[in-house]
Amino acid sequence: MTTRLPLVSALALSLSMALLPHAQAALPLSAASEVRSLAPVLEKVTPAVVNISVSGSKVSRQRLPDAFQFFFGPNGPGQQLQERPFQALGSGVIVDAKEGYVITNNHVISDADEILITLIDGQEYKAELIGSDKQSDIALLKVDAKDLVEISYADSDQLRVGDFAIAIGNPFGLGQTVTSGIISALGRSGLNVGNLENFIQTDAAINSGNSGGALLDLEGNLVGINTAILGPGGGNIGIGFAIPANMVKNLTEQIVEFGEVRRGVLGVMGGELTSELARTFGYRSQHGAFVSQVIEGSSADKAGLKAGDIIISLNDKPVRSFGELRAKVATTGADKTVTLGLFRDGKKQQVDVTLAHADTETIAADTLNDALKGATLSKTDSKDKVKGVKITEVSPRTPAARAGLEEGDVIIGVNRKRVKNLNELRKIIQDKPDVIALNIQRGNSSLYLVLR
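Residue numbers (mature numbering (1 follows the signal peptide of the UniProt record, and there is no 0)): -25 to -1, 1 to 427.
To be clear, the hints were calculated from the coordinates, so they are not data collected in a lab.
Wrong hints could be hidden among the right ones.
[What the hints assert, rightly or not] Capping the alpha-carbon separation at 25 Å, the derived lysine to aspartate or glutamate pairs in DMTMM-like fashion look like this:
1) Lys224 <-> Glu74
2) Lys109 <-> Glu235
3) Lys109 <-> Asp310
4) Lys348 <-> Asp359
5) Lys224 <-> Asp359
6) Lys358 <-> Asp327
7) Lys281 <-> Glu251
8) Lys109 <-> Asp86
9) Lys362 <-> Glu232
10) Lys117 <-> Asp178
Whenever a hint applies, use it, and build me the whole structure from the sequences.
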């Protein structure tokens, strides 16, 4: 079972730091005589890893007893809302000492009314939330404090399996704790932890409360933000996951510049490259992203990508899977130009693509599903009463028109799942379900249209 790192109860426990004994033994023999301890590196970087304490309240729905429903009948209230206070702990990393910027996981500070940051010397500060991104599970905080210490970013695209790694965080509320291990795998996806997955896997011990903490190289540079573990009951079994530093850096720079993440979109549909697909297209590796469809009018279409292409690199960095491609494109940011390496017709080539904005895209609906053919879709704007996917045009005598779609309709849900943008709509219907039940907002009315 793969889960985000669960938060732990906010107990006032003393600070401590423990270094796993195998760290020293794990060093290469050639370096053992020169580097006998990680302590010199840790003395420089541990002040930049902070403990985060959050408090707030969550609203939950509770089903009313059957006797209550029997008394009021079928039209009576079936649920009641309850507001419950909560407290939790996590970790964070100072990446800009001058501005006071601290990175953590979105799930650490989600729903928090108050965020407190505690430095290694015990000083405590209130933190302001600058922005967050739920899909990538990143949040950026700001503290007003002097003499902070920051950690520099490493180029996470240069990581190799077998590189040594150091994890620092606040497991189980014990206080700052250091563990060590290696990079176990790269480009992990399909874990159902978040929407954008391109994780670094490590065997450095990561536990509850390490969320938002630092994964470092032996020079003390940030290679990732710890976010999830694989294990029963939230305990460590040597399989932890971190968000790559390059993704984190791209996202936080967008938050600082724009106040939000401006997600990029390529405009292709596809999947993982299986051995059968690779053989069919004459490709001798199973690493890459297979393109099954290029959306008409998209950035990929304009750049000349074709169905059947295998994307093998982005900006000269290898692409191992479709999940990794999706995560890298989305976090690179809109309006950025990237160079894609392709394998097509037995040859390798490169194309430059300027990424569109995920929320400003206008597409022909039949690129998502034939049942919507004849409709043109776009995002909603501030003039629309609800947030969703807007029908901007419906051609007569088409499947979309026969289904009852009208210009100005707003799709707010599909098959009982809320839809707020084109990406969410695409994710639900790209698997071509047998029935598509569209929840439509038309003026002041809400209705369902069923497409088959």
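Now the hints, each set against the structure:
A C-alpha spacing of about 15 Å is found between Lys224 and Glu74, which places the hinted pair at or below 25 Å, so the restraint holds. Proximity of Lys109 to Glu235 is assessed by CA-CA distance (about 11 Å); at most 25 Å being required, the pair is judged to hold. The hinted pair formed by Lys109 and Asp310 meets the criterion: a straight-line CA distance of about 21 Å does not exceed 25 Å. Distance hint between Lys348 and Asp359 is fulfilled; the C-alpha atoms sit about 23 Å from each other, no more than 25 Å.
At most 25 Å may separate the alpha-carbon atoms for a hinted pair to count; Lys224 and Asp359 exceed this at roughly 33 Å. At roughly 35 Å between alpha-carbon atoms, Lys358 and Asp327 are farther apart than 25 Å, so this suggested pair is violated. At roughly 19 Å between alpha-carbon atoms, Lys281 and Glu251 fall within 25 Å of each other, so this suggested pair holds. With a C-alpha separation of about 12 Å, the suggested pair Lys109 and Asp86 falls inside the 25 Å cut-off, and the hint holds.
Restraint check for Lys362 and Glu232: satisfied, since their Cα atoms lie roughly 24 Å apart, inside the 25 Å limit. Among the hinted pairs, Lys117 with Asp178 is inconsistent with the structure: their alpha-carbon atoms are about 30 Å apart, more than 25 Å.
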